[in-house]
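Using the sequences and the hints given, assemble the complete structure.
Each chain is listed here by its residues.
There are 2 protein chains.
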Amino acid sequence: MPELRKDPIIGRWVIIATERAKRPDQLTNLTQEIPAEKPCPFCTGKETETPNEIYSIRPTHTPPNTPGWELRVVPSLTPFLRIEGELDRTGRGLYDLMNGVGAHEIVVETNQHLANICDLPEEQIKWVIACYIDRIVDLEKDKRFKYVLVFKNYGWSAGGGRVRHSRTQLIATPVNPKRVKEELVGARKYYDSHERCVFCDLVKQELHSKDRLILEIDGFIAVVPFASRFPFEVWILPKRHSCDFVRLDEEERKNLARILKQVLLKIKIGLNDPPYNYIIHSAPFRRQKVGYWKSIEEDYHWHIEITPRLTRVAGFEWGTGFYICPVPPESAAKFLREVEIDSEGG
Amino acid sequence: MPELRKDPIIGRWVIIATERAKRPDQLTNLTQEIPAEKPCPFCTGKETETPNEIYSIRPTHTPPNTPGWELRVVPSLTPFLRIEGELDRTGRGLYDLMNGVGAHEIVVETNQHLANICDLPEEQIKWVIACYIDRIVDLEKDKRFKYVLVFKNYGWSAGGGRVRHSRTQLIATPVNPKRVKEELVGARKYYDSHERCVFCDLVKQELHSKDRLILEIDGFIAVVPFASRFPFEVWILPKRHSCDFVRLDEEERKNLARILKQVLLKIKIGLNDPPYNYIIHSAPFRRQKVGYWKSIEEDYHWHIEITPRLTRVAGFEWGTGFYICPVPPESAAKFLREVEIDSEGG
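Going line by line, the protein sequences match chains A and B. Residue numbering for the first sequence follows my numbering, beginning at 76 and increasing consecutively. Residue numbering for the second sequence follows my numbering, beginning at 76 and increasing consecutively.
The hints are simulated quantities; they were obtained by calculation from the structure and are not laboratory data. Incorrect hints may appear among the rest.
When chains are identical, the list treats them as one kind, so a pair holds in a single copy or across two.
Said to hold, decoys possible - In silico lysine-lysine, BS3-like type, Cα no more than 27 Å apart, as pairs:
| # | residue 1 | residue 2 |
| --- | --- | --- |
| 1 | Lys218 | Lys81 |
| 2 | Lys253 | Lys264 |
| 3 | Lys216 | Lys81 |
| 4 | Lys314 | Lys264 |
| 5 | Lys314 | Lys81 |
| 6 | Lys314 | Lys113 |
Pasting the structure below:
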């Protein structure tokens, strides 16, 4: 019998197709033609092909926008939003709109032309995490912004481009994304009735049952969510309650780098290097000003959601928010648990 | 300057990329390999290859599951939900789940092996609409169900299968899909402050401004929504306020068939026969029992959403509910308005 499962945070129901459960090698209906690779503007020596760098990790004797860097952040060549200008919120009859003001930055994670972040050393991934934090903290100073989306599109069907150099996108927006609001509202509702954080409860239950647990590393767990939308979806959650990703200390950054690398390696090795996305879910800026978010420190819990792209999405899922997952989360977790990665991590 | 626009019903913000605005022939980044067609079990003469028919339009002297039919409804060969069994709602610690009880039916819209519903005569499309209504009314009698999703996946990247016979899927579910709830809540909020239906206001404003209007036909309009998520997204709305699709009278069914055919023909001709989805958004069942929906008769308004699949979706849109539309709705509407279809309708 298939199951209907409800996401405990935002209340979305998902069909878990237990009977038609598929093995990873049967999830083959995503057959996208991959266009030819384009010349890479993100490699060492190509610094003049991008806009001027905003941030870099490089030896002090090397000037900006020259070789020698280990990691660089540059404005997007094709930004979705513009950094200049006022918001100019306005109405047009029934409708609300504002200028598309925001920031769109690219974190170039390595000077090597390498596609998948999991192939970088742990230490380098730690720098990437530190860079996310530094950029978010800097962008928060701009009073026009409410949120920074930090996301990675790896591979063509995950929205990745024709340049395959490993990178992350940061989009600072003057509005809160819908999903973030839903999580905040859902988490607050749960807190209102239980006086506990729903994510903390989730971490405890997953550590206890172990059915959906993939990895447990100092301070972090990786699980397949109970009501997963996509086959082999994985969430990484910190055990320590914190609503804000930017508060990670040195030790936590190191452990996050380790679990992120290990999970992504398991996905790469076990699922034949599939396209994937990951997105950091963290509390919005300037929450102290808004009554709506007043309890957010207690009731929200930052985390990372990783979604491999193994199947086409039936169109109705877009229109209804109603998903069908062909692999039971427990089978997906067992599979990923058993994928072996060597001690060097790949 | 790009614009941030807000959907007036559910409050989702969308980036409308006015500067990078693309012409239809530039939207070429969706290059999916289409697998070979499979033998069709839905053609005349293949009636034994499907489960027994639930409904058909056929001459009275022809027995069920034999040739002679004009339209047939059969249970899905690979149902997502099972018709037998009790819901058995239960908790598992933090989590809620129930048995995957529901109905999954296929409306085979024609006995011809033809892929796109817009190539059927208007009269046949009217039968398809009548069939949707008859099936929804019948499924509502099953007290376990709360909603029927009526949706079409046309073409491979829209989730269509390897059999290209024109058909619609109906999924009756024991829960309300998330998007439906959001629309109901959004519409009620608007009604609470204005004592008017937000969709009626939308119809009026679109008829007045004409910027996003594609077609106006007795009783219906087709528009590109102000905060459209996808390029060339189209909504068909009835001018007459009604929360429930099944209440269409004879004349309205005829006019809906006409506008649906014309819009889909414009999409086919103007955009090079792209994959698309359409979904009927209508009020849930048994709404009189739930305080939550008490004003739904006044504040909700059924409609159809059509989304051509012209671009890949960047992964972060899944995780954030934050969309980027590369074609301004006004340009998309102008383009579709100007696509000529002959008086026979294609």
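These are the hints, each one checked on the structure:
no.	hint	in the structure
1	Lys218 with Lys81	between (37 Å within a copy, 21 Å between copies)
2	Lys253 with Lys264	both (17 Å within a copy, 17 Å between copies)
3	Lys216 with Lys81	between (37 Å within a copy, 25 Å between copies)
4	Lys314 with Lys264	within (21 Å within a copy, 37 Å between copies)
5	Lys314 with Lys81	within (22 Å within a copy, 36 Å between copies)
6	Lys314 with Lys113	neither (41 Å within a copy, 49 Å between copies)
In the structure shown, a violation is registered for the earlier hint numbered 6 alone.
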